[in-house]
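There are 2 protein chains.
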Amino acid sequence: MTARLFFFRTGEADGDASMPGILGSKGANLAQLARMGIPVPSGFTVPTLFAKEFQENGQKLSPKFCELVLDGITRLEAATQKTFGSVSNPLLVSVRSGAPVSMPGMMETVLNLGINDEVVKSLEAEGGERFAFDTYRRFLEMYLQAVCGMPLLVVEQPMSTVGQELSLSDDSSFDAPALRRVVELLKALHREKMGSDVPQNPHEQLWKTIEAVFKSWNSSRARKYRSIHKISDDLGTAINVCEMVYGNRNNRSGAGVCFTRDPSTGAKANVGEYLMCAQGEDVVAGVRTPKPLTELANELPEVLTELEGLCGVLERHYRDIQDIEFTIDDGKLWLLQVRHGKRSSQAAFQIAVDLVEEGVLTREEAIFRVEPQDFERLLLPGLDPRAHKQMVSRGLPASPGAASGKIVFSAADAEQQALRGEDVILVREETSPDDIAGIHAARGLLTTRGGMTSHGAIVARQMGKCCVVGCGSLQIIHGKRVLKAGTVEILEHEWITIDGGTGDVLLGKVATREAAISPGVATFLDWASSFHKAKVRANADTALEAAAARKMGAKGIGLCRTERIFFEPECLSNVWSALLATDSRERLEAFARLRKVQRKEFAEILEAMQGCEVAIRLFDHPLIEFLPRKEQEFVTAQEHLAIPGDILKFRMRNLMQSNPALGHRGCRLGVAYPEIYEMQIHALVEATMDLVSRGIDVRPQIMLPFVSAVGELIWARRRFGVLLDKLIVQEEEKLGGKVRCPWIPFGVMIETPRAALIADKLAMHADFFCLGSGDLTQLTFGLSRDDSAPFLRVYKQEGILDNDPMTSFDNEGVGYLMRHACELGRRAKPEIQIGVCLEESPEAASWLYDGSVGIDYVSCSSFRVPIAMLIAARSALTS
Amino acid sequence: MTARLFFFRTGEADGDASMPGILGSKGANLAQLARMGIPVPSGFTVPTLFAKEFQENGQKLSPKFCELVLDGITRLEAATQKTFGSVSNPLLVSVRSGAPVSMPGMMETVLNLGINDEVVKSLEAEGGERFAFDTYRRFLEMYLQAVCGMPLLVVEQPMSTVGQELSLSDDSSFDAPALRRVVELLKALHREKMGSDVPQNPHEQLWKTIEAVFKSWNSSRARKYRSIHKISDDLGTAINVCEMVYGNRNNRSGAGVCFTRDPSTGAKANVGEYLMCAQGEDVVAGVRTPKPLTELANELPEVLTELEGLCGVLERHYRDIQDIEFTIDDGKLWLLQVRHGKRSSQAAFQIAVDLVEEGVLTREEAIFRVEPQDFERLLLPGLDPRAHKQMVSRGLPASPGAASGKIVFSAADAEQQALRGEDVILVREETSPDDIAGIHAARGLLTTRGGMTSHGAIVARQMGKCCVVGCGSLQIIHGKRVLKAGTVEILEHEWITIDGGTGDVLLGKVATREAAISPGVATFLDWASSFHKAKVRANADTALEAAAARKMGAKGIGLCRTERIFFEPECLSNVWSALLATDSRERLEAFARLRKVQRKEFAEILEAMQGCEVAIRLFDHPLIEFLPRKEQEFVTAQEHLAIPGDILKFRMRNLMQSNPALGHRGCRLGVAYPEIYEMQIHALVEATMDLVSRGIDVRPQIMLPFVSAVGELIWARRRFGVLLDKLIVQEEEKLGGKVRCPWIPFGVMIETPRAALIADKLAMHADFFCLGSGDLTQLTFGLSRDDSAPFLRVYKQEGILDNDPMTSFDNEGVGYLMRHACELGRRAKPEIQIGVCLEESPEAASWLYDGSVGIDYVSCSSFRVPIAMLIAARSALTS
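Just so you know, the sequences run in chain order A and B. The first sequence begins at 1 in this note's numbering and counts up one residue at a time. The second sequence begins at 1 in this note's numbering and counts up one residue at a time.
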């Protein structure tokens, strides 16, 4: 059925838009336009199956195929009233490939085919000498490339030789004699390289070109492209043969492209550019600077009006922004190609929202017109693409955005300089929790070690701070206060710029552009959140972060880490007392002082998220992180605690761990040092009552971290659950019993593989689950986020792993454990609330949103909240 | 049906041995003996269900119960021709508890019940005054304890008071007047403490005693005992009432215990002891020193003959060594209790083997007569139980056995002292791979930190070296060269003794006894290995260890670690060159030198295991372990490598890891530094060909460690599999093609959770699986063996975890992942070989052996091989 030819001319066509598999996308598209009465050059499409035949036939054209093509030419001659190869009324054609899936630039095209030394004379008679020889040289240039396999640089040589000889600025200044010379040079080139003349026989030109198109399907670059884009080699390409229309005929001719809306802003205006006296390739190739479409009003106003009319028709038909390629032949408009327009992220939102408001799209459809990465691009400042850049190194793009600043090598310097109003970039080998204030003060963070989820990377993303990590080619020479990049030395306080979206490290201050959230995006987010079932929460540790998360649309906090205040300088001595003091009274008092700070923190974050649930993770980090690290701190601590140095060292050494990620942390600390959790729970109840008594609706939740045995949860509930109840009663009584504390659920984090495997047992003792991807991924892979950069680099090079598992959710391993945990948990306790806490990639797994395992919420970094909302809406709409 | 009374007398019984649930074990046992015609005192058992009734009835005896007991008494009177409470022909009885599960010493017993001031006169007439009052005082002593709740110390007071007054050495020297006085004092004691006289009415004595027995079921110590031994509180106790027979009647009377075989050695001889003129309690309580049973031949030869005859009958009936309690009443033998005899580990093997050879047991049955811990006890030297001991601390029992030596605080000292022939105990905070030679040289290892699977513990077990770890109460004061235990200071070179079976640390040199493997054990092991399907292999790294493993019965090596040679002093500089040299020629040469050493190692271990498979794990450890650690080493390395110090430091810092267990290790090193694996594979092929060309049958296997993504395995097979083939061809050609290299399978270790979850995909590229419990447990729990000691201590105290997951296999979490991996692997590739590598606890999971998931072999430390073989045989026989 498909081993036949598909003819089309304006108003009629054998094929239509539904047949890209048979006709290729270009052929199907042209057929559709023709059917709609759009002015397109007449032509025919030979279906894709012949490409396969060609390959199986030892790369030879079959008689059946040739017969079909000749039949097509005959029909084309009839339709155009011209004759292929005629020297009096010649039909020239374009021959283009047309795969079912677009493979831009991969395959061959020859225009103006059918011209020769005789035909050119007929063209000369029809449109003048310049037009005729311009057309001839265009044919030759393409033929030499496509059929003879010469590189562009070689076939361009005749034009530039003649241009230089005659000092011609661009192709439009070539007169007929110049073009004649170019044609002679091109013909000589063929003789030189191929040892023969360019075929004068139009049919020979045709067969040779078609063979070249078919062969180009199997070229190594095309095969590579298909392998990368996962396109089957079996699809094959169609062949489209169309009558030529000539944008290069005269000054009432030209070629251009036109978008039905502004692809950069989404504004509702036809936007495009064109060149007079040119064929389409000239516009794309940039041989001359094209004019904006609006200027066509001065040159050919009736053509512009017709084009604008067609824009409306096409957009209504295709229900999306269209990218149109057109040619004007002596004042007559032809459309050569129409397709969905690529657009900027900002435009994507604007167009989706406008099309809904124009009644073209439903809101549901609009949700699928924007891609997750559009949010990513939209919400961040980036480097000005036009700015001059001098790259010194490239690291891992850990937290997007771009920032410039003077480099400093310590957190303290960063704070100091920032206080003076300086923009600084903090540069460190790697960061520790001590550096948090410095990271906060800096415009961006650059580390020479660590991976995408190293401490610095996580903190920076959490703060929405631009960050590049693992820049192994850089070396900090602390003694010289210099950052060394190969032979380049950048002194402290010199400017650099980092791009957290690409990982680039650039010398000096590079201009950035700020992005704004348009009203379109806001509207879009509103719609998205009205569709999805799984709520989206954010990970946030402070009131500031919570407020930012809320602005991004977060419906709660899924992970509030509580260690931060322990690093605050004013808390540090209390932390030491609490953990190391020999005097138990002193320890108690230290805990009381810490409780005060913690209470304030909790109150602030709960208030910022009023009306929403805030899941507070009890203390998780190994204690050693909070103890004196530097000699000076150690001396201070020793004096503060009045403990002999060797005893203090002995105690501290007992807290050292060979693998802290697997060590004495999480609920294991809660068991060994219950005072810490008791302090935190007490502070939480106080903070809650503070707010409730002021009429504020707060919804705290308590999470027990890093559980691996049901005994841990049972123990913790018995110890801390009872305490919680007691404290609530006590605080309520303090307020005379007039204010009721809300219920504070007690949940468990599932972040060890074993917790996932015993989730049914955990469910019996937990009010909710929080599945944490960070530790679970580390443990499932046996991989440390801080140590993985060196070998992951090699893994990517060698194709062993495509992505860093710490940044791209591992659905196969980690996802299996999470789904398993959900199933076990739901079976044991159907009503249990289940949240999934992802740092990155909330878009990675559809089961998070599609209701298949019943996730109540997904939590991710603030910055990713809109993406998660989009994915959630899409999943809800497709499931 | 069971709410009735069960009567028994020699030759007939209502119950039998199958009814311990109804009658208690004692009642069922007595009924069985009676049925068999064994001479037992007549009596009856009131079934256990009345105990429950008693509790539910407000601790009151019901009329129905009393009626039954009275009916029992009547039947007993008829059987014995005596009358309860009669002053002319009195029946005295014993009243004993009898739970379905034995609870030794937990519950009350009263003997000689039914005596009073009148009845005693009748006994006096029957057997003399001394007999009568000895019997009376025995009743009173027991009654005061059981019914009045007086402590033993108080009720013994009258005997000791009178004994002191009259200077009597033991109870046998008390004459009748003395015993009369004791009886008076005991009666006075009752009056004093209870405010009333001892009941004279035998029935009142009976009811009070029964109430006391029932109440003792609910005493706090009995409840605690049941809770510890997981015995249900609902079982309840039966009541056994028997006619008294009197071992204290005269010099032709006595009491004793007898084993049908020697419970210590297993030798085939009746072994026991007895006392003349005594009741059974005297033998156990040790009031006088009993005589060996053999002496009975001089006193009552016909009784000894009868007893020996009964021993044979009972052993044949019960098909096991029996522990018999007997009484002789005026020359007549009565058996009071018969049960399976407890025996030493050595005896367990001997008896099992002998019983098979005597045709009493089948070999299959014998397998169940020995417990895994019997092997443990048998194969190790232990402390002499009779030696004087002064304990200074207790740590974790990491590697069993006992050792004494002078303490040293460094591996170097240990080596030096050992070279001088000194026995030393190496005492360290914790150990590192540097210490291996020192551990090897020492008699034992003691660490103050680290858990059961810390580095030191593993190395020590591997070497079969006694080891105590995590002895937190000890502190090494390096400056003073002193080990501090509280206030005790032990100087360097002072003697200590450690017991790796208990964790005890003792002052000075405590005598140890060496254990020997008896021929019985060897025979037993032969049988065991004939039954089981899953082979048992050992983990061994050297030829020496392999030879030891073979002696233990190992059928192959399941895990041969290959890092050891990299620590050898003569290799170290080559390791530095291989990893750090800038000159690539120098690196290649260093690898060539390492290959020579590795080849020798491989050849030795393969030869030691000829005919058996040896699974060689490619290099796994983080590289930093092999680089200079101390300043001196660093200087040496710097000179050796001729690299500037700061560059060397920079490179080394790049190899540092924050969590080495999750870091750049295992196959990740193979990808980043393929030269290491290439060197090892080359060495292995060379070693194999060396041996094969000498006609030795060797079967090496290669294992890729720490895989978490299928890409790693594919990459490694492509790179190293191809190399392997090439090297084999090359080496075969070197030998003129006359010698064929055996097939060397390439397998994958499944030791990350993710590897277990994608085992189906891994199976497609692996010849075998090796499931490794060590890393898998660490990752499943998120727990580091080196960091867990501090909180696991608390976990045990608080009952959160019963065991250290690193030493007791976690079947619930780790086992789930392993079974999942086996199922996925078998489904994808049914013929794949699957081994499980456990460091400890090969006995923990039955699925390893029962064929349910098809494990081909289990590998464990040499020391555990016999245990694994036993478990494997048992599983095979029961599945």
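None of these hints come from the bench; they were simulated from the model. We put the beta carbon where it would ideally sit given N, CA and C, even for glycine. One or more hints might be untrue.
Covered, in the sense of this in silico footprint (three residues per stretch, anywhere, with C-beta under 8 Å from a C-beta of chain B), are these stretches of chain A [what the hints assert, rightly or not]:
| id | stretch |
| --- | --- |
| 1 | 69-81 |
| 2 | 302-311 |
| 3 | 591-600 |
| 4 | 659-665 |
| 5 | 778-789 |
Problem set entry | Which numbered hints fail | 1, 2 and 3
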